[in-house]
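Enquirer: Each chain is listed here by its residues.
2 protein chains.
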Amino acid sequence: MQNFTATYTDQYQLAMAQVYFKNGHGQNRAVFDYFFRKLPFDGGYAVFAGLDYLLDVLQNLRFSEEDIAYLKKQDFDEDFLEYLKEFRFRGNIYSVREGDIVFPTRPVLQVEASIIEAQIIETILLNLLNFQTLIATKASRIRLVAGDRLLLDFGLRRAQASGGYFATRAAIIGGFDGTSNVVAARDFNISVSGTMAHSFIQSYDEELTAFRAFAEGRPKDCVLLVDTYDTLKSGVPNAITVAKEMEERGQKLLGIRLDSGDLAYLARESRKLLDEAGLEYVKIAASNQLDEYVIKSLLEQQAPIDVFGVGTNLIIGDPDSALDGVYKLAFFEDKPRIKISESLSKVTLPHKKQVFRIKDKNGKCIGADAVGLDTQEKINVMYHPFEPYKSMELGDYEQEALLKKVMNNGISSIEKRNLKEIADYSLSRLAELPIEYKRFNNPHIYKVGISNTLKEERDKLIAEHKI
Amino acid sequence: MQNFTATYTDQYQLAMAQVYFKNGHGQNRAVFDYFFRKLPFDGGYAVFAGLDYLLDVLQNLRFSEEDIAYLKKQDFDEDFLEYLKEFRFRGNIYSVREGDIVFPTRPVLQVEASIIEAQIIETILLNLLNFQTLIATKASRIRLVAGDRLLLDFGLRRAQASGGYFATRAAIIGGFDGTSNVVAARDFNISVSGTMAHSFIQSYDEELTAFRAFAEGRPKDCVLLVDTYDTLKSGVPNAITVAKEMEERGQKLLGIRLDSGDLAYLARESRKLLDEAGLEYVKIAASNQLDEYVIKSLLEQQAPIDVFGVGTNLIIGDPDSALDGVYKLAFFEDKPRIKISESLSKVTLPHKKQVFRIKDKNGKCIGADAVGLDTQEKINVMYHPFEPYKSMELGDYEQEALLKKVMNNGISSIEKRNLKEIADYSLSRLAELPIEYKRFNNPHIYKVGISNTLKEERDKLIAEHKI
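For the protein sequence lines, the chains are A and B, in the order given. Note that the first sequence covers residues -3 to 463 in the numbering used here. Note that the second sequence covers residues -3 to 463 in the numbering used here.
Calculated from the structure, these hints are not laboratory results. Among the clues, some could well be false.
[As the list claims (entries may be wrong)] PhoX-like mimics (lysine-lysine), calculated; alpha carbons at most 25 Å apart, straight line:
no., chain 1, residue 1, chain 2, residue 2
1, A, K386, A, K401
2, B, K416, A, K68
3, B, K248, B, K360
4, B, K268, B, K360
5, B, K434, B, K357
6, A, K68, B, K216
7, B, K443, A, K462
8, A, K386, A, K462
9, A, K279, A, K248
10, A, K462, B, K216
11, B, K18, A, K240
12, A, K279, A, K331
13, B, K360, B, K342
14, B, K248, B, K292
15, A, K292, A, K216
16, B, K400, A, K69
17, B, K34, B, K348
18, A, K331, A, K18
19, A, K400, A, K386
20, B, K443, B, K400
21, B, K229, A, K342
22, A, K216, B, K81
23, B, K331, B, K360
24, A, K216, B, K18
25, A, K229, B, K416
26, B, K416, A, K69
27, A, K416, B, K68
28, B, K462, A, K268
29, A, K229, B, K434
30, A, K18, B, K68
[Unchecked claim] Here are a few chain A residues that sit away from chain B, every Cβ distance over 10 Å (derived from the structure):
no., residue
31, R214
32, F328
33, E329
34, I354
35, Y393
Where is the CB? At the ideal position from N, CA and C, for every residue including glycine.
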């Protein structure tokens, strides 16, 4: 686990906190919504990730002595610093479960805490949830096309420095099987993979000598990289020689890896050579600038690839590279709060809220989430949030309340799940979503609506702030 | 400083290391080149960043007890684990200085170490250098258009989790003035900025009350966010009221911040209102999806903006989001090593090498770096690395050797510089580069060539590996 102290925040949180503290408003209760406005990758859904890790971080968040000493030099007041020394996050969090599928413009999570506590955690909350949700979503897309083939995260070297640790965590939630990242594997109990780089082959005078050395040194998980000099003329024939020698020792070559060239062609030709040598059991792994589109194309060409190693495009969440998740005040000192914008789509939803997933009698999503006040138990009609003449009757559907209490007075109140369990949950939720929301080109748009009560409350506040 | 242990690596490094260890090759000396193949942002140069931090990490890199316990369960051999317990990086590093401008296809840095040590550090080296070089380059482009206006990094919430820490460091090297990121400011002694979010305004019933509270609480660095309800009808007039009240108390409003809408229009109209009120000294800050192109456009429209806060597009290095830096074996056991590829541009350069920057008599770059063997003191003719008929006479030029020893037997051998010094150095190096390499559209291509000796050595190895 990485060590975060409470200065892992934006300066303005501390500036505002000091003002609240001085004015005596600091302990008053606020509710903030976490939500995003646009689905990444022009996709039809997102996979929510980062929550369980965030809860661990929040439970342990403190200002260290080093932090306090630093802030002292930054001209913060003594009494405020005394308060920060004792700072703990003691709020409540209501959230969708980690791994669930989520959609834009409606709360994914709500923080209810003293306004100082709620502000100080904003940055780390956004930072952990935005990035992991982005990567889990990317990984889920790749899983959708890869079927049951093995998917490995190879991205650490192209990550944002130590951010790679979280990318790996999120990739597993999105459906990846394993990683090359040792420290993430250690901390999150992920299956770890990795055999050889080109440098290993280069370090021997002959490719065959290199393969032999590796097969002797790591016989149980031996995957030979075959493209250092010439894949079909040198790499694969040498791998076959070594595989045969391994058979004589009662061992089995696990696989070969292709890392350049035309992967569809090379996989097919390699498969032929391996099969002709009676090595049907030797797997073919491929890497090199893969993403969901390349993998889809390879499989459409029936490239006989068993394992995909995905690096850069996974780890940076290409091409979006960021989720636009925001954190907006919805309620404070017993009043609903709103932020106005020239564009109605950027006006925030006031009040403490609940989100309902609308399902048919068979538990299948009909493709709609409805947002109401947290006091509503059911929503009969939902309205398009920005186009008031569009509405939908919901009375006959099942409605699943999505925001559950996950933290109570600063203590996590959910059962611990490992990444595999979160990933399985994610898959089960994705299975409830009809296929038209999962396609890559112009996916069907999932509807998000608001209840009549919420709409009226919002419109009243807009009118009040009208100038 | 973040805590990295030696499992911050890819599994294959450890798999290869065990094989080398068992074969008795592990302590033999290897030379690896770090270089990248493509300039980010379709730009004309890159700013090398991450080195000094990397050296600190390498000096302290160890396998922790937790690491060893984990690897034991991963089926590594006892004697190899005993070796890892005592693992230290004891190699030499030759490198361009941090902050220098660098170009594709030629070594930026060389590692000379036992092959096990050189492999184990590969991942963290790539991870720290690739990302920081990407962000420093992005920041440098933004600085080029922003002139002497204040540039602030606001990106933490959209970073790859803890990767934001390094993005901030790199942004300063590329020319930014400050950050909102408190922990990075604390560790790297960066100027830290931040005043208020929309939530602060929303938490009061009236915008004016919120502004007054803030001005009283933080009078020394008061920047009022004016777009929560209506910028020109509410935000700016209220800010003017507060500025006047501050004047009566002998204080000065530092600025206002625009965070939505048409920034050029709103800045101009706000400036007018402020000036008419005799508040010429109040600065205008702008944020909201800025990058070098938006800032360039705003300044071409003569928008009177004094401070730019840049978030997402800086921190993710949009649109590239990753630098394709690689780490390739060039020399091992007294022999030059090469990796062949079907594309000549991906064939590696063998041998220990030196890189020379070619300059005219006035110390101005002519736009060329030449790569030779490390035994060469000067290069008389350089050849295009992939187009052998292109060559250039260099005899009459000054030649500056760029790769200097920065680590000796695992100990950093360079003087410590703070980020400001590295940023100043970067600026001075950029000043030596003619302007045509700095433009955004089709910048002039900086030439990278190789010496005749190096070319012959490479071609000999290609011939040897021809099948």
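Enquirer: With reference to the structure, classify each hint as holding or not holding.
Expert: A quick look at each hint next to the structure:
Annotation: proposed proximity of K386 of chain A to K401 of chain A is violated, straight-line Cα distance about 31 Å (limit 25 Å). Only pairs whose Cα atoms come within 25 Å are accepted, and K416 of chain B paired with K68 of chain A is accepted, the gap being roughly 22 Å. Using a Cα cut-off of 25 Å, the hinted pair K248 of chain B and K360 of chain B is violated, with the two alpha carbons roughly 45 Å apart. At most 25 Å may separate the alpha-carbon atoms for a hinted pair to count; K268 of chain B and K360 of chain B exceed this at roughly 44 Å.
Between the alpha carbons of K434 of chain B and K357 of chain B the distance comes to roughly 22 Å, so the proposed pair stays at or under 25 Å and holds. Note on K68 of chain A and K216 of chain B: the hinted pairing holds, with a Cα-Cα distance of about 15 Å set against a maximum of 25 Å. About 60 Å separates the Cα atoms of K443 of chain B and K462 of chain A, which puts this hinted pair outside 25 Å; it is violated. Proposed proximity of K386 of chain A and K462 of chain A is supported: the alpha carbons are some 24 Å apart, at most 25 Å.
Taking the CA atoms of K279 of chain A and K248 of chain A, the gap is about 11 Å. The hint holds against a cut of 25 Å. Taken as a hint, the K462 of chain A and K216 of chain B pair is broken in the structure, with Cα atoms around 32 Å apart against an allowance of 25 Å. Our distance criterion of 25 Å between C-alpha atoms is met by K18 of chain B and K240 of chain A, whose separation comes to about 22 Å. With a C-alpha separation of about 62 Å, the suggested pair K279 of chain A and K331 of chain A falls outside the 25 Å cut-off, and the hint is violated.
The hinted pair formed by K360 of chain B and K342 of chain B fails the criterion: a straight-line CA distance of about 30 Å is larger than 25 Å. The straight-line distance between the Cα atoms of K248 of chain B and K292 of chain B is roughly 30 Å, outside the 25 Å bound, and the hint therefore fails. The hinted pair formed by K292 of chain A and K216 of chain A fails the criterion: a straight-line CA distance of about 30 Å is larger than 25 Å. With a C-alpha separation of about 37 Å, the suggested pairing of K400 of chain B with K69 of chain A is violated against the 25 Å cut-off.
A C-alpha spacing of about 22 Å is found between K34 of chain B and K348 of chain B, which places the hinted pair at or below 25 Å, so the restraint holds. A distance of roughly 21 Å separates the Cα atoms of K331 of chain A and K18 of chain A; the hinted pair therefore holds under the 25 Å criterion. A C-alpha spacing of about 29 Å is found between K400 of chain A and K386 of chain A, which places the hinted pair above 25 Å, so the restraint is violated. Between K443 of chain B and K400 of chain B the CA atoms are separated by roughly 21 Å; this keeps the pair inside 25 Å, and the hint holds.
In summary, the hint linking K229 of chain B to K342 of chain A is supported, as the alpha carbons are separated by about 19 Å, within the 25 Å threshold. Pair hint K216 of chain A plus K81 of chain B holds up; C-alpha atoms about 24 Å apart against a cutoff of 25 Å. Between K331 of chain B and K360 of chain B the alpha-carbon distance is near 37 Å, which puts this suggested pair outside the 25 Å criterion. Restraint check for K216 of chain A and K18 of chain B: the C-alpha separation of about 15 Å stays at or below 25 Å, so the hint holds.
Between K229 of chain A and K416 of chain B the alpha-carbon distance is near 53 Å, which puts this suggested pair outside the 25 Å criterion. The suggested pairing of K416 of chain B with K69 of chain A holds, with an alpha-carbon distance near 19 Å, which does not exceed 25 Å. Simply put, K416 of chain A and K68 of chain B have alpha-carbon atoms about 22 Å apart, close enough for the 25 Å limit, and the pair holds. The suggested pairing of K462 of chain B with K268 of chain A holds, with an alpha-carbon distance near 23 Å, which does not exceed 25 Å.
Between the alpha carbons of K229 of chain A and K434 of chain B the distance comes to roughly 45 Å, so the proposed pair goes past 25 Å and is violated. A threshold of 25 Å between alpha carbons decides the hint, and for K18 of chain A with K68 of chain B the separation of about 54 Å lies outside it, so the pair is violated. Separation of R214 of chain A from chain B is inadequate, the least Cβ-Cβ distance of about 6 Å not exceeding the 10 Å criterion. Some Cβ of chain B comes within 10 Å of the Cβ of F328 of chain A; the nearest lies about 5 Å off, and the non-interface call is violated.
Against the 10 Å criterion, E329 of chain A falls within the reach of chain B, whose nearest CB is about 8 Å from its own CB. Chain B leaves I354 of chain A outside its interface by the beta-carbon criterion, the shortest separation being 30 Å against a cut-off of 10 Å. Non-interface call for Y393 of chain A relative to chain B: holds, since the shortest CB-CB distance, roughly 34 Å, exceeds 10 Å.
When held up to the earlier numbered hints, the structure conflicts with 1, 3, 4, 7, 10, 12, 13, 14, 15, 16, 19, 23, 25, 29, 30, 31, 32 and 33 and fits the remainder.
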